[in-house]
Amino acid sequence: MTPSTHTSAPHVRKRGGNTVEPYLYLLPFAIFFALFVIYPVGYGFFVSLHRWDLLADTRPFVGFEYYKNLFTPGTPQAEFFWNSMKNTVFFTAVSVPLLVFTSLGLALLLYRPIIGRAFFRAVFFLPGILTVSVMGILWRWMFDNQIGMVNAARTEIFGLQPLAFLSVEGLAWVPIIIGTVWWTIGFNMTLYLAALGNISQSYYEAAELDGASAWAKFRFITWPLLAPITLFVVVTTALASFQLFGQSLVITAGGPNRSTQSTIQYITEEAFTNNQFSSASAMAFMFGLVMLIFTFLQFRIMARDARGEN
Amino acid sequence: MALPAQQTTAAPTARTTNAPGGRRVPRDIPRFILLCVLAVLFLAPIYWMVTTALKAETDVISSPTQWFPAHPTLDNFREVLTSPDGNILRWMWNSLFVATVFTVVHVSLCALTAYPLARMRFPGRDLIFWIILGSMMIPWVVTLIPTYLMMLKFNWINSFHALIWPGIAGAFGVFMLRQFFLGLPKELEEAARLDGANSFQVLWKIILPLSIPALVTLAVFSFMGSWNNFIWPLYVVTDIDKLTLPVGVTTFSQRYVTEYGKLMASTAIASIPVLVAYLFAQRYLIAGLSTTGMKE
Chain A
1 MTPSTHTSAP HVRKRGGNTV EPYLYLLPFA IFFALFVIYP VGYGFFVSLH
51 RWDLLADTRP FVGFEYYKNL FTPGTPQAEF FWNSMKNTVF FTAVSVPLLV
101 FTSLGLALLL YRPIIGRAFF RAVFFLPGIL TVSVMGILWR WMFDNQIGMV
151 NAARTEIFGL QPLAFLSVEG LAWVPIIIGT VWWTIGFNMT LYLAALGNIS
201 QSYYEAAELD GASAWAKFRF ITWPLLAPIT LFVVVTTALA SFQLFGQSLV
251 ITAGGPNRST QSTIQYITEE AFTNNQFSSA SAMAFMFGLV MLIFTFLQFR
301 IMARDARGEN
Chain B
1 MALPAQQTTA APTARTTNAP GGRRVPRDIP RFILLCVLAV LFLAPIYWMV
51 TTALKAETDV ISSPTQWFPA HPTLDNFREV LTSPDGNILR WMWNSLFVAT
101 VFTVVHVSLC ALTAYPLARM RFPGRDLIFW IILGSMMIPW VVTLIPTYLM
151 MLKFNWINSF HALIWPGIAG AFGVFMLRQF FLGLPKELEE AARLDGANSF
201 QVLWKIILPL SIPALVTLAV FSFMGSWNNF IWPLYVVTDI DKLTLPVGVT
251 TFSQRYVTEY GKLMASTAIA SIPVLVAYLF AQRYLIAGLS TTGMKE
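Chains as they are written, first to last, in the UniProt record's numbering: chain A, 1 to 310; chain B, 1 to 296.
One or more hints might be untrue.
One-sided excerpt, in silico: chain A residues whose CB lies under 10 angstroms from chain B [to be verified]:
hint	residue
1	Thr19
2	Val41
3	Phe45
4	Ser48
5	Ile114
6	Gly116
7	Arg117
8	Pro127
9	Thr131
10	Val132
11	Trp141
12	Met142
One-sided excerpt, in silico: chain B residues whose CB lies under 8 angstroms from chain A [what the hints assert, rightly or not]:
hint	residue
13	Pro64
14	Ile145
15	Ser199
Keep in mind that the hints were calculated from the coordinates and are not lab data.
Just so you know, even glycine gets a beta-carbon here, dropped at the ideal spot from N, CA and C.
With the hints as extra help, turn the sequences into a complete structure.
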């Protein structure tokens, strides 16, 4: 069902750009793009420079006050914002290598034929289709301090003491990270499987003639040839991990004692719970600046693709 | 607000996996066992969800743990489905409605936009393309709060408009379809032109039918992105009747904070639509993820 915005004008010989036709096609997108992509960026910056009280009549200009707050020790904004940044960086630093190597490992296990390969692929891919809230509720229940499956297995099968995963600082990261690996591994695994399928067998045959070990074949053939896809996986995974929100919100609610609160969670708390829209906007811009680096890398990889076909 | 980053990972390269080598039986046994162990670990949370949902509340907290439900019952499902405040079927319908409208409009809009960018020459074409592509660099968190304030101004809080329109001009879809359109043969288009077809007829009768794989892939991504969206509906929708499924389920988790049987029944019900969709679309979904239909 395509909305017909095009009034069929008499066809003009296509030489250069003497027709409005292309612009008519672009118009509907342009309207939404201007309204919901371009305008909000400027508007958000404007809000961050004013004291934006929803109920007040005036919204005085305060300049970079809300940005300065983030660098003024002692303000709750500075304390909680940088605490949340520390948590987010920690989560990214732990989850990215874990997600890259586990998904590569799974792909290596699965790319050669084996009985039930389609079934295994489906099983490892399956968790990724669940929504983040279902995944979060599920893992909170798995790691429930008293009656979760993990503690039941610890005590009844391995004879260990139960651990209060959800209410001990540090330990609360365990369900979040394991849940995230479980949830997203299938996507990366699929990318790696496709990349492994593209490696020519002749490399391995040549290496086998030279008597190369399995490790040598991986180290000198597979790993270097996977470098482009690994770069892609690292960047997209880092981008996704840095935007941690739903997993920690649902599994630990950012606790205990804000020790798993992500930056996006704190920004939304500042905006929607504390009604500090200007302060939250300033944080969003600060955070966005850091994310821009990851996004820029991803953009470069995709743009390289685009140019190749032009 | 368009596609959550976790789901937009699109492969730049690659075909389907080809199967190298013969089957070496002795070596394969450890690999098979390892895969079985991993599969059991991966399925454990799903198993725990389903069995908990089938237990009475006293059996959930019983010690020693009931690894198999001793007295399976559907009471939790019945209670969750008939809960007076908050109706899981209503949320499912809301999600379905929002995601369907979003997908239809989004894919149409992207196709209309990608068409001139790929198949026509006009001043500013490359600049427009790079502006659209460059917008993917804007982290969505930057637009979250201003867009929320706009929704307040438009009076769109608690309305499906807020869930559908702000993410509709997503650059990824334009990029993907443009790449696909670029690769289509010129000859058919020229023949149609000679027969007097206008540009819209070319799009409708030639380009779009040839692009069905790419359109379906984009539609699947768009639908999943909208269906799975969590953070945005969490704040722009507060009416219990207007919630989408992912957010609705979390209200159950606040209510049934100690009643895990009911909570797991609600998550199981919430997972059924995606599981069914996955079983039907599985092959296509995995292939689409690894090729993105971008190169053919």
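Consistency of the hints with the structure:
| no. | hint | verdict |
| --- | --- | --- |
| 1 | Thr19 | 7 angstroms, holds |
| 2 | Val41 | 6 angstroms, holds |
| 3 | Phe45 | 9 angstroms, holds |
| 4 | Ser48 | 9 angstroms, holds |
| 5 | Ile114 | 6 angstroms, holds |
| 6 | Gly116 | 8 angstroms, holds |
| 7 | Arg117 | 9 angstroms, holds |
| 8 | Pro127 | 7 angstroms, holds |
| 9 | Thr131 | 4 angstroms, holds |
| 10 | Val132 | 5 angstroms, holds |
| 11 | Trp141 | 6 angstroms, holds |
| 12 | Met142 | 5 angstroms, holds |
| 13 | Pro64 | 6 angstroms, holds |
| 14 | Ile145 | 5 angstroms, holds |
| 15 | Ser199 | 6 angstroms, holds |
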